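S.K.: The lines below spell out each chain.
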Amino acid sequence: MATDLELKDGGVADNVVIIGGNACARQIGEKMEARNVPVVYIIRETAAGIQPGANVLEKAGVTDCRGGVGDFTLSVRQNGKRFTQRAGAVVIAENGDLRPDHEAYGLDLSPRVRPLSEIANGDLPDTVRPGESVAVFLHGLARESNPATTRTVMNSALTLARDKDLKTYVLTRNLKVAGNGLEKLYRSAREAGVVFVKFTWTAPEIRCSHQEIQVSFTDEATGVLFTLTPDVAAVDEILAPSPAFKQIQAAFKLRTDSAGFLQADNVHRFPVETNRKGIFAAGPARGLLGEHAWTADAGAAAEALTTVLQGKAPDSAHKAEINRNQCVRCLTCYRVCTYRAVRIDIARPRVIPEACAGCGVCAAECPREAIRFNPYEPSAVSAGIVDARLERSEELFTVAFLCGRSAVPAREQAFRNGWNAPPGLFMIDVPCAGSISVNHLLGAFQAGAGGVLVIGCHPDNCHSENGTLHAKSRIKELQNIFDKIDHPRDRVVSASLAANMDAGFVRIVEEFENRIAGFGAPDK
Amino acid sequence: MNDMNTTIDLSALDHDRFKSWPNDQDYCVTCGLCSSDCPASGIDDFDPRKLVRMVGLGMKDEIIETRWSWVCTLCGKCQNVCPMGVQIPSMVRQIRSMRDRDATPGILHKGLETAIQSGNNLGLPREDFIFILEDVAEEIAEEPGFEGFKVPIDKQGAGLLTTIHNKLVNTHTEDLKHWWKIFHAAGEDWTVSSINWEGTNWGYFTGDDERMKIMTERIVEQMDRLEVKNLLWPE
Amino acid sequence: MKNLAGKRIAVIGAGVAGLSAAKDLARLGVDVTLVEKSDTLGGRAAGYGCKATERCVKCGACMVVEAVREVEASPAVEIRLSSAVRAVKRNGGHLLTIETKNDSGAESAEERFDAVVLATGFSPYDPSEKPYGYKIFPNVVTNLELEAMIRRLDRVARPSDGEAPKQMAFIQCVGSRDGKLGHLWCSQVCCGSALRMARWVISRRPDTEITFFYIDVQTFGKDFELFYQTVRDEIKMIRMLPGDLYPAPADGIKAVFFDPESRKEAEMVFDMVVLSIGITPGRENGGLASMFGVPANGDGFLAENGNGTDGVFAAGAACGPMSIPDAIQNANNIVQNVVQYLEKG
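Residue numbers (the numbering used here), protein chains in the order written: chain A, 1 to 524; chain B, 525 to 759; chain C, 760 to 1104.
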């Protein structure tokens, strides 16, 4: 099928593969189909809810994903069969598990103790009597909740109080009203008769027997001891990665957040990017709950898909290249590449240019120096430092390697603010602090630098995820060498910054210059 | 409350009991600004947020029984800072009104009964009242600069009618002088009524709206009788 | 998408949402004119500091710099600073009169656009009418002023003497969750901003004592539970808003509040107090709503999908309180709607 998209040159596949079949996934599919982009759904379950005529692989899963934007090859398993599926881009909107939190309260699920979503769907025990029965929501007590869950709690409580005439209570800690309309919903619920009890330094005591549940607590605002004997208790559900997430993560080689959702907790991935160009995570796959968030993510994902399929996403100017004659196949590059841009091809690795983000980490890490990363080769950079030394008459010469994502914009702003660089300082802009190898550092010292400063992004803020950590470990390596030869270890310094820290940049450079001045110029 | 350790079945309370009150107590988000700002917070374990909460929960017996609604001075600071506009002083008066009249604290009930019967909380007869005022006026007239000072009682068509707090004709007569000297210095055309001059309104204080109105109407009657347009009502 | 070449979009406002919309549209090959009333790009968020402690805390403020760089470098975006839309005519498109201030006064030009994105942001609440002595006591500042301090100075300095504060207080919900003001909403971002700043201060000066007055702590970020645990270890959390603030010696501030645990009136003296002021509808929302025919909701924020029919859209905090990441997500989503609109036309 031809698409309305103007495909980028060299693009092979013009379609989108969507992993998942929930409301978020469907909205993405509908938006792309409206643009005449072919969509293939790959769904673990059956295709219920997906518009008729859609191209769906049901009861199927992906076991591997190779390639780059415009040319992904997915290995698919369906009903014991294995085959491949091409994809121009992929979006993962797999459902997480909604796990009821009852165990945190020492409760078992029963006709009386129900997951929130069941109560929200109006599924009440037969024993509930309008005008008599008591409903209690145990909300955000065992762990902090979130506005999406709070919205469900307040809507359900309001319905129970108003339409079912139940005595309805919401027991919570911090009520999460940070969502559109939630403060108003909170008021409406109270007007409908819902009683909210908030806990801060105390917590309710919950006892459960076969006959009944008893909740006793001190109302902190009044100091009064209360009990409640709910006929029905709703417990929060926590969105957790489903077991499928591990498998998807392994198949797509995705970085996850600490909980296991399929997007690293890194602002540069917001809203829907993953560590792999052309592979996106949306809605529940990245840990989001709630209709509003899913819709917003569907739009953001459709926008991102459109951009990459047209080849309009920003790309790096420089790509790493593996010298296959020098490579000994240790696979260090394969392991360190955040973007999964290294492919093992006929038993030798090669870089997929479409996937490479040009951070240079692989080149700095390669123990055989088999990866070329022009123009940041240590030899070329060192030659530049030698020239810079010759141009400077200052006794003390210092070198700073600056990450192009953070330190460089911070320095540019510092210049605009009127900052003057110390005359003896030579600054080298690099794509990522992780591209700095020990050779780069030694090159600076060999050229006569009294000190070397490397500024990268804050941990968790690095586009390449671990660039700063790589830089720090390189510096430690060199410091250990310095220790052995009785050279001051702090002549090489690492620091971290964000792009908006121009004042911080100036401070770091000043502190560095003062420290190196204290050491004096190095022995010739 | 006498015993805070009693456990109450929360669902046995009628939370809708005070829904009809026009005080918006349901709007409370327990931010605590009222209690932080209240000059009486902490007195006898009182704080306004607690009272708002108890009204919201429908704890009728408890709010009638505690002294808290009587600890409040109705200054209104709480309502002024409340971000949700809960009308706390009005709510406090509602609570006060629910107590049996003879169980209102101290002399309030007795004083109000006396005022309804006699026109003032002390039951002070008209001639004694006039005697006290004239006696104070004579003392003022002895001071330099106030020669010939007279108290203008029942002056028809005066510019300003002032009420009198009963303690000013009882234990605090000196305080009358401050007011009067100011009137004198300002050249004010003022008067005092010889009947129904009582400035305190314990009907207002005890949440007894009916008697509050009687006491207020009596003052208005004096304005009409004396044909005075302006009222100074220092409580 | 072929038919998008040559389409012209006006994006009004160059804050987080406007920049995101402009760069996304430019990537798709649309010609964008970015109209900004101030003389710089970045909007309010450009005044927010990096609050990273030992690691990034995901406030997103640095992303503004990235967006500014991309927009500045994009040949498809024409940037008009010190400019504002003065009039709108509908004539098979949107004829916008854009006025640009320059050294010799102002110049106006009428230009045709196929669609318009309003990304004009919010107005911060002015806390002068609250009993917190703002603009009376020198060391009472707003959260935005503290953000700007971190951004510009890389440290916190008391306005009265430039010294680092030792006892700081944050007061939340000043002008938010306030029915009396007609602000029946949570501003959504202030708990995150304030607690991140508080932890940043402690990471720089561990001996700083910080007290946090609040109603409900709102969730922000993925590892909130962990963050909140650290917060409770490091910061004195008091679930109560103070009443009046009074002057104390050495330009200090005395806060009087009802201590919820002891149920007694309490006092604390701080040398700096930070008011977390609310997000309120942009002062120009009313004018924009009538000029562009975009509905504003009862609170005064613009409808997220603009007028939905003839190519006027709204994005970001013009539509309601939202964090930087949320504004980016929202702008992405709105761009999607703009593209759908253009494809139909």
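It should be emphasised that the hints constitute simulated quantities derived from the structure, not laboratory data. There could be a bad hint or two in this list.
[Claimed, not checked] Straight-line C-alpha distance at most 25 Å; calculated SDA-like pairs for lysine to any residue:
no., chain 1, residue 1, chain 2, residue 2
1, C, Lys981, A, Arg143
2, A, Lys198, B, Glu734
3, B, Lys584, A, Lys312
4, A, Lys198, C, Met996
5, A, Lys253, C, Lys981
6, A, Lys312, C, Pro834
7, C, Lys981, A, Phe217
8, A, Lys253, A, Arg335
9, B, Lys584, A, Gln249
[As the list claims (entries may be wrong)] Among chain B residues calculated to face chain C with C-beta under 8 Å, some are:
no., residue
10, Leu537
11, Tyr551
12, Gly556
13, Asp561
14, Gly566
15, Asp569
16, Met608
17, His633
18, Ile719
Here the structure is a predicted model, which means the values were calculated and not measured. Built from N, CA and C at the ideal position, the CB exists for glycine as well.
S.K.: Now tell me if each hint is right for this structure.
M.R.: How the hints compare with the structure:
| no. | hint | in the structure |
| --- | --- | --- |
| 1 | Lys981/C to Arg143/A | holds (13 Å) |
| 2 | Lys198/A to Glu734/B | violated (39 Å) |
| 3 | Lys584/B to Lys312/A | violated (68 Å) |
| 4 | Lys198/A to Met996/C | holds (15 Å) |
| 5 | Lys253/A to Lys981/C | holds (21 Å) |
| 6 | Lys312/A to Pro834/C | holds (13 Å) |
| 7 | Lys981/C to Phe217/A | violated (30 Å) |
| 8 | Lys253/A to Arg335/A | holds (11 Å) |
| 9 | Lys584/B to Gln249/A | violated (59 Å) |
| 10 | Leu537 | violated (22 Å) |
| 11 | Tyr551 | holds (6 Å) |
| 12 | Gly556 | holds (4 Å) |
| 13 | Asp561 | holds (3 Å) |
| 14 | Gly566 | holds (5 Å) |
| 15 | Asp569 | holds (6 Å) |
| 16 | Met608 | holds (4 Å) |
| 17 | His633 | violated (30 Å) |
| 18 | Ile719 | violated (43 Å) |
Violation of the numbered hints given earlier is confined to hints 2, 3, 7, 9, 10, 17 and 18; the remaining hints are satisfied by the structure.
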